[in-house]
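For reference, the chains in residue letters:
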Amino acid sequence: MSKQEWPLYEVFVRSKAGLSHRHAGSVHAPDDQMALDHARDTYTRRSEGVSLWVVRSDSIVASDPAETSAFFEPAKDKIYRHPTFYEIPDGVKNL
Amino acid sequence: MYTQGLDQAGTDEQIAVETDELLSAFQERIDAEEKIEPKDWMPEAYRRTLIRQISQHAHSEIIGMQPEGNWLTRAPSLKRKVILLAKVQDEAGHGLYLYSAAETLGVSRAQMVADLLSGKAKYSSIFNYPTLTWADIGAIGWLVDGAAIMNQIPLCRCSYGPYARAMVRVCKEESFHQRQGFDIMHTLCRGSDEQKAMAQGALNRWWWPSLMMFGPNDSESKHSAQSMAWKIKRFSNDELRQKFVDATVQQADFLGLRVPDDELRFDEDSGHYRFGEIDWQELFDVIAGNGPCNKQRLEKRRQAHSNGAWVREAAQAYASKQASRAAA
Amino acid sequence: MSANQALIAYTLRLADNALILAQRMVELVAAEPELEEELANANFALDFIGQARMFYTYAGELEGQGRSEDDFAFMRDEREFGNLLLLEQPNGHFGDALVRQILFEAFYLHLLEALTRCSDQRLCEIAARAIKEVKYHFRHSSHWLVRLGDGTELSHNRAQTSLDDAWRYTGEMFIADEIDTAMQENFDGPDLASIHELWRRDIATVVVEATLQLPDDQWMASGGKQGRHSEHLGFLLAEMQYLQRSFPGATW
Numbered sequence: 000m001s002k003q004e005w006p007l008y009e010v011f012v013r014s015k016a017g018l019s020h021r022h023a024g025s026v027h028a029p030d031d032q033m034a035l036d037h038a039r040d041t042y043t044r045r046s047e048g049v050s051l052w053v054v055r056s057d058s059i060v061a062s063d064p065a066e067t068s069a070f071f072e073p074a075k076d077k078i079y080r081h082p083t084f085y086e087i088p089d090g091v092k093n094l
Numbered sequence: 000m001y002t003q004g005l006d007q008a009g010t011d012e013q014i015a016v017e018t019d020e021l022l023s024a025f026q027e028r029i030d031a032e033e034k035i036e037p038k039d040w041m042p043e044a045y046r047r048t049l050i051r052q053i054s055q056h057a058h059s060e061i062i063g064m065q066p067e068g069n070w071l072t073r074a075p076s077l078k079r080k081v082i083l084l085a086k087v088q089d090e091a092g093h094g095l096y097l098y099s100a101a102e103t104l105g106v107s108r109a110q111m112v113a114d115l116l117s118g119k120a121k122y123s124s125i126f127n128y129p130t131l132t133w134a135d136i137g138a139i140g141w142l143v144d145g146a147a148i149m150n151q152i153p154l155c156r157c158s159y160g161p162y163a164r165a166m167v168r169v170c171k172e173e174s175f176h177q178r179q180g181f182d183i184m185h186t187l188c189r190g191s192d193e194q195k196a197m198a199q200g201a202l203n204r205w206w207w208p209s210l211m212m213f214g215p216n217d218s219e220s221k222h223s224a225q226s227m228a229w230k231i232k233r234f235s236n237d238e239l240r241q242k243f244v245d246a247t248v249q250q251a252d253f254l255g256l257r258v259p260d261d262e263l264r265f266d267e268d269s270g271h272y273r274f275g276e277i278d279w280q281e282l283f284d285v286i287a288g289n290g291p292c293n294k295q296r297l298e299k300r301r302q303a304h305s306n307g308a309w310v311r312e313a314a315q316a317y318a319s320k321q322a323s324r325a326a327a
Numbered sequence: 000m001s002a003n004q005a006l007i008a009y010t011l012r013l014a015d016n017a018l019i020l021a022q023r024m025v026e027l028v029a030a031e032p033e034l035e036e037e038l039a040n041a042n043f044a045l046d047f048i049g050q051a052r053m054f055y056t057y058a059g060e061l062e063g064q065g066r067s068e069d070d071f072a073f074m075r076d077e078r079e080f081g082n083l084l085l086l087e088q089p090n091g092h093f094g095d096a097l098v099r100q101i102l103f104e105a106f107y108l109h110l111l112e113a114l115t116r117c118s119d120q121r122l123c124e125i126a127a128r129a130i131k132e133v134k135y136h137f138r139h140s141s142h143w144l145v146r147l148g149d150g151t152e153l154s155h156n157r158a159q160t161s162l163d164d165a166w167r168y169t170g171e172m173f174i175a176d177e178i179d180t181a182m183q184e185n186f187d188g189p190d191l192a193s194i195h196e197l198w199r200r201d202i203a204t205v206v207v208e209a210t211l212q213l214p215d216d217q218w219m220a221s222g223g224k225q226g227r228h229s230e231h232l233g234f235l236l237a238e239m240q241y242l243q244r245s246f247p248g249a250t251w
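Residue numbers (numbering that gives the first Met the number 0), protein chains in the order written: chain A, 0 to 94; chain B, 0 to 327; chain C, 0 to 251.
Possibly wrong hints are sitting among the right ones.
To be verified - If you want the footprint, here are the derived chain C segments under chain B, 3+ residues with CB under 8 angstroms:
no., region
1, 25-35
2, 66-75
3, 106-120
4, 211-222
5, 235-246
Claimed, not checked - Calculated cross-link-like contacts (lysine-lysine; reagent style DSS-like; alpha-carbon spacing at most 27 angstroms):
no., chain 1, residue 1, chain 2, residue 2
6, C, K131, A, K15
7, B, K171, B, K78
8, B, K171, B, K221
9, A, K15, C, K134
Don't read these hints as lab results, they were simulated from the structure. The structure presented is a predicted model; accordingly, all values stated were derived computationally and were not measured. Glycine is no exception: its CB is placed at the ideal position from the N, C-alpha and C atoms.
This is chain A alone, in the form it adopts within the complex (with noise of 0.2 angstroms):
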């Protein structure tokens, strides 16, 4: 860690039980523990949240945007993975 300031972290916070958790935003902390401290201080403190994750900035991994279309856009292509391709014959239920 360099002498100048302290790692930064991603927050993700669930904001109600039973949904995702979003990304909120950014902190900077000298620790794991810490950044949990931070996070609830910055980004809940009107009680957004019931859940917070928190991740070092550098180690998330994340898709190239320079590759979105090869990346993500065969899989447009790919109808039959939708349920919707399908016609479900009479008579048949719960499909």
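Following the hints, complete the assembly by docking chains B and C onto the known chain A.
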């Protein structure tokens, strides 16, 4: 606005590989109201302008804690104390969200802080004025936050994703800030003669600096055009300033206060208030570092930062030790 | 003194502790070592002021003379404030403020816990709300004491000095006077002797983890609870109360 410094010249260096193709593809995305996200391709000037704009905005929030914080220990009731403290805390939070957004563009918080402390980075001129009475706290909430909101709401639709999202968060929290300021003024204006005079005095001192917050006239703002094209800036300085005057003069009338402008009058034809000429020399002096509180504001920041060095280092040392212990 | 008078005086002490500590914390706004700490400091100060307001309001109702939370906060003199001496000491550096905080909070946490079991309904309710907040404060303060104590040599020495200097103010928290006794007898109030044990245990745990030394017991300062304060309180109140004193009867 909190980003007046943008109207001054920035550097025009460009990195070689910005072909017309890339630039126009980028502009098409902007025109289609698509959001630009952190690792997307962007012109270097876009990235630099945003870094400057967002960091100036963040610095303004942080420095802004001082003039208001000045009355925390002397707030005249427990309720006012709590409200003011919550507001100042929000400002720290806003600074944090904004530094966070700026960091997605490849600048570190440490670098931004260093630029602020060295005097290289700008922050809004308004925070270089002193808060001399409790009424000043009301005036700041009413006028300064009022002006800030006018700028911030359109920024919620700015083209850069992290900045727009930070602004949405800020705006949600901001709504009570202006109201609390106006409420203070309203209470004073219905109080004793001394309180009413206090309120008028504050308006007299904060009115013109608030108008200056919107920056120079459009005709003097050479760099606005590109920012508008890139949807980093959504309305012109003069447009926002006019909007502010139109809304606020009516509020002053309601309070029974006199706006300190002999030339202020309502123009029936346009439906807007016409107002007097701003003392641009004062604005330039303050931006250049020669306002009533520039030195004091920065000095306090520098001291806090240097006094805190041993604390930050202690935390880092502990983290290193823990890492070694875990590895062992 | 009657049971009701004791209850009022006791409640006012709780309020005064919270307010005086909050006032000191508020002085630190814009002076914290990092932006994230600004948020924490403001959060905690807000919690304390909130608690003070609840306690003052209750005291006013019990007294039945129409005194409001602001009357108690702004219109009483030093000799009427019953806060602990520990809390009115000037801020010093980050370590001093932190040590003051943690020494008080370890006590306050157990005090609140005991109050949730007392027979005064309202104090139970206020205490139940405050406990959640103070638990988090104590956790955060502990994290910091450990990082200062087990950080650099400089931070270790500073933290040790802060602890040594503050220690003489800790005794006062556990000396029961007739108001504490009246609370125990009439309202099943907290037993300071057992709280003292719990406090020692909790503080010792954090201090050891922080690689610091628990100071030896020594002469303990007291008098704050009875209104005999240090010279510091006068200045603190002069600043805090100035507007209300200058404009008597005004609405803000």
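Outcome of the hint check:
1. 25-35: holds (count 10)
2. 66-75: holds (count 4)
3. 106-120: As far as the region 106-120 of chain C goes, the hint is violated, because 0 residues have Cβ atoms under 8 angstroms from chain B.
4. 211-222: That given contact is violated, which follows from only 0 residues of the region 211-222 of chain C lying within Cβ reach (below 8 angstroms) of chain B.
5. 235-246: holds (count 6)
6. C:K131 to A:K15: holds, 19 angstroms
7. B:K171 to B:K78: Judged against 27 angstroms, a Cα distance of about 21 angstroms means the pair holds.
8. B:K171 to B:K221: Status violated; Cα separation ~32 angstroms.
9. A:K15 to C:K134: holds, 22 angstroms
Of the numbered hints given earlier, the model fails hints 3, 4, 8; all others are met.
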